[in-house]
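Peer 1: Given next are the chains, with one letter for each unit.
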Amino acid sequence: MKDDHGVFRSRFTVWLYLSPTILILAVFIFYPAWKSIILGFYRSNLFLGTRTFIGLENFRNLFTGILSPGFIQVMVQTVLFSTLVVLFGLSFSLFLAVQANKNVKGAKVYRMLLIWPFALSPAIAATIYLFMFNPEVGIVNTVFDALFGMRPRWLDSPVLAFFLVVAASVWKNIGYNIVFYLASLQSIPKTPLEAASIDGASRFQSFKMVMFPLLSPTTFFLLFTNLTFSFFDSFAIIDVLTKGGPIGPAPFFDNEGITTTLMYKVYLDGFGGSSNMGFAASEALVMMSIVAIFTFLQFRFLAKRVHYEG
Amino acid sequence: MKKLLLVLTIVFCSLAVVSANGTTEESAVAAAADDRIEITFWHALGDAARSGWIQDRVDEFNASQDTYVVTQEAKGSYRDTLQAAILADKQGNPPSLVHVFEVGSQLAYDSGIFMPIGDIGNFDTDDYIAPVLNYYTIDGKVNSIPFNSSSPVLYINTDKLVEAGFPADYVPDTFDDMIGAIETARERNVEGANISFALHAWYFEQWMAEQGAMLVNNDNGREARATEVNLTSDAAVKIGNFMKELGEKDIYSYTGRFEDWDGSDAIFKGGQSMFHITSTADLGNIAKAVEGSFTMGVGKLPIPAGEMRNGTVIGGGSIWVTKNQSEAQLEGARDFALFLTNTDNMISWHKLTGYYPVRNSSVDKLREEGWFTGDAKQLVAFNQLLTTISNSATAGALGGTLLDNRTIIEQAMQKILQGGDVMSALQEAKDIADAKLAEYNANF
Chain U
41 MKDDHGVFRS RFTVWLYLSP TILILAVFIF YPAWKSIILG FYRSNLFLGT
91 RTFIGLENFR NLFTGILSPG FIQVMVQTVL FSTLVVLFGL SFSLFLAVQA
141 NKNVKGAKVY RMLLIWPFAL SPAIAATIYL FMFNPEVGIV NTVFDALFGM
191 RPRWLDSPVL AFFLVVAASV WKNIGYNIVF YLASLQSIPK TPLEAASIDG
241 ASRFQSFKMV MFPLLSPTTF FLLFTNLTFS FFDSFAIIDV LTKGGPIGPA
291 PFFDNEGITT TLMYKVYLDG FGGSSNMGFA ASEALVMMSI VAIFTFLQFR
341 FLAKRVHYEG
Chain L
161 MKKLLLVLTI VFCSLAVVSA NGTTEESAVA AAADDRIEIT FWHALGDAAR
211 SGWIQDRVDE FNASQDTYVV TQEAKGSYRD TLQAAILADK QGNPPSLVHV
261 FEVGSQLAYD SGIFMPIGDI GNFDTDDYIA PVLNYYTIDG KVNSIPFNSS
311 SPVLYINTDK LVEAGFPADY VPDTFDDMIG AIETARERNV EGANISFALH
361 AWYFEQWMAE QGAMLVNNDN GREARATEVN LTSDAAVKIG NFMKELGEKD
411 IYSYTGRFED WDGSDAIFKG GQSMFHITST ADLGNIAKAV EGSFTMGVGK
461 LPIPAGEMRN GTVIGGGSIW VTKNQSEAQL EGARDFALFL TNTDNMISWH
511 KLTGYYPVRN SSVDKLREEG WFTGDAKQLV AFNQLLTTIS NSATAGALGG
561 TLLDNRTIIE QAMQKILQGG DVMSALQEAK DIADAKLAEY NANF
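Quick note, the sequences are listed as chains U and L, same order.
Counting from 41, one number per residue, gives the positions in the first sequence under our numbering.
Counting from 161, one number per residue, gives the positions in the second sequence under our numbering.
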């Protein structure tokens, strides 16, 4: 155990090099996070500037009483939303990246076009969707009407609206995933693939047995960033596209808008309406715990299965 | 090397000190040369037309006297503006005048950073139109000066109406009349025979007022702090039943998004509805947009059958004065607020935007000018305003959670539209609204 901190001679040097990052994290992440944890135990209104310690009352209101069905619904649909966004996001982008990695004419152009959506801000992406899926005057329904003679209600039929927001989020993030998948596909050595084909593996088998394991570090990383994206960055898409609505089907999904995620509910309660900051902070705390649990599970169960070369 | 660093540091520090001294001296000089009292006005109207109009008035006011110098700044949405003002007050540097929206009145009042403008010297408010001033009078005091006021009216696609066999000047007076006209039009295969309006709780509030019903208890929150939201009253159920009928007969057209003003306007402009409800502030815009495609009529907001028409609540914004400023600033702030809403300014404001001119003298002058004969559509809006009965219902509700209520009401309305039971949707909405109000009131 003589070489605990790698190449650095003293512990001090390590901390010195880490200090800028730690300082920035402390100012912009740790301190605000700590403040909002504390706020969760207070009754505090943004407009009134009030602050009264009320212990666990905010949390009690989250899980019992009149406001709890809405919160529990939002928790469930957040998990559902994140699962779908991560699942579809990763599988589509892996599929597209593998296709774009092939030696076809104009591959570079395809690659560039695939990365395109990533260059848009989420708010712009959502605005484009809003125009396209406007049930009365949008291009999508004009086409649907001409082809099938129907005009689906994209924004107020609950199931459609939910999947529209999922689709917009997946689409928005797909460029990011493709960049990473393409980069790691390009760095996969040819030899194991050749060996596989000599051994008579089909294309699907060599993808499943050779390529996919070699991509696992990237997948693991993307799983993580996509999860964060679906929890936090989907905010703008939801805000522009549906404002958290519409009300879902009874009996369970009819307490809040079906596209309201935890993040959006924190915003609605803390900065919308009468700005009940304490209540919103307690919701944020629950959200933080969910993300922490997800992350823990990932590292606990998936990290072992990641194959790092060398 | 170290020495050089030291020298450089000293040089920079001394430079900084010198320049800091320089600026303080400069500003002292500037103040001596121009010792006019500064008045700042924060508002929520960031678009070029309206903020440009405000800037023009500011320039006129500054040129008209040499005691005060006013500056104006758009601070984003109404919420942003109010939040920014409260924050600025905490930091000891509040703006003099703040533009607050009507549902934020209680929040602004409770924030404790404002004072009633009626307490600054003696001035006459008789000229302001009563139902408008009514909203902004709290505890018998004129709390703020109405600035941009509007209310909803019925927009009619007259071509469709005539096609359905009605006279061109027919205006449905009640919900039943309106639904009946749509049904007749459908029987005659008139295309786009729908009713469109944004799914917005503003209309719910208006229909409560029209029926003379209070949205919240304690005389609409004006006698004492409101503790209950009256979402299960007879008046509320009538509105719920109307939405139910719209849903069942499939004659209501909207985009599906809450509070989608533009989306629902697009439905009407695109000829996809026969009746449309939206603010009087859009009269100019919509009339211009449909010119050449169809004839448009305007009528009073339809109400439930068998009810006496009490009138509408005045939506929009008013101007509040913050209390943490000098006596001289307070007087300057009041003078500017009165200047901004004087007879002639309100006329040009009305012509630019479609907001009501909030003074009786402005209305009289417009009438003399022949403004109403040229465009009778505006007259409908005015009659609706001027025939409004001044009572607690039409004065509008005061409550800390009126914004939350809007979301809660919209969710309930959507449930009803989708086939939910009226009474249970309203009861559930009431329970949530009451819980949120109790939570808000616990701050005091």
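These are computed hints drawn from the structure, not numbers from a lab.
Backbone N, C-alpha and C fix where the C-beta goes; we use that ideal spot for every residue, glycine too.
You may find that some hints are simply not true.
To be verified - A few chain L positions that, by computed beta-carbon distances, are all more than 12 Å from chain U: (1) G206; (2) D240; (3) K250; (4) D329; (5) E451; (6) S453; (7) D495; (8) T567; (9) F604.
To be verified - Computed spacing ranges between beta-carbons, pair by pair: (10) U/A207 x L/I197: 53 to 61 Å; (11) L/A328 x U/V183: 34 to 42 Å; (12) U/M249 x L/G352: 53 to 61 Å; (13) L/N543 x U/R191: 35 to 43 Å; (14) L/I197 x U/I106: 29 to 37 Å.
Said to hold, decoys possible - A few chain L positions that, by computed beta-carbon distances, are all more than 12 Å from chain U: (15) E233; (16) I280; (17) V322; (18) G340; (19) E347; (20) N349; (21) A373; (22) S413; (23) I427; (24) E491; (25) D524; (26) T561; (27) A595.
Peer 1: Hey, does L/E451 actually stay past 12 Å from chain U on C-beta?
Peer 2: The claim stands: L/E451 keeps its Cβ more than 12 Å from every Cβ of chain U (closest is about 19 Å).
Peer 1: Would the non-interface assignment of L/V322 survive a Cβ cutoff of 12 Å against chain U?
Peer 2: It holds; L/V322 is separated from chain U by about 23 Å at its closest Cβ, greater than 12 Å.
Peer 1: Beyond 12 Å from every Cβ of chain U: is that where the Cβ of L/T567 lies?
Peer 2: violated (7 Å)
Peer 1: Tell me if the beta carbons of L/A328 and U/V183 are separated by a distance inside 34 to 42 Å.
Peer 2: Distance hint for L/A328, U/V183 holds at roughly 37 Å.
Peer 1: In terms of Cβ atoms, is chain U entirely out of 12 Å range of L/S453?
Peer 2: holds (14 Å)
Peer 1: Since L/A595 was said not to touch the interface, does its Cβ keep a gap of more than 12 Å from each Cβ of chain U?
Peer 2: violated (5 Å)
Peer 1: Report holds if the minimum CB distance from L/D329 to chain U is greater than 12 Å, and violated otherwise.
Peer 2: About 28 Å separates L/D329 from the closest Cβ of chain U, which puts it past 12 Å; holds.
Peer 1: Since L/E491 was said not to touch the interface, does its Cβ keep a gap of more than 12 Å from each Cβ of chain U?
Peer 2: holds (27 Å)
Peer 1: Is the gap between the beta carbons of U/A207 and L/I197 within 53 to 61 Å?
Peer 2: holds (57 Å)
Peer 1: Would the non-interface assignment of L/K250 survive a Cβ cutoff of 12 Å against chain U?
Peer 2: violated (7 Å)
Peer 1: Are all beta-carbon distances from L/G340 to chain U longer than 12 Å?
Peer 2: holds (24 Å)
Peer 1: Does the hinted range 53 to 61 Å hold for U/M249 and L/G352 at CB?
Peer 2: holds (59 Å)
Violated hints, listed in ascending order, are 2, 3, 8, 9, 14, 22, 23, 26, 27; each of the other numbered hints is respected by the structure.
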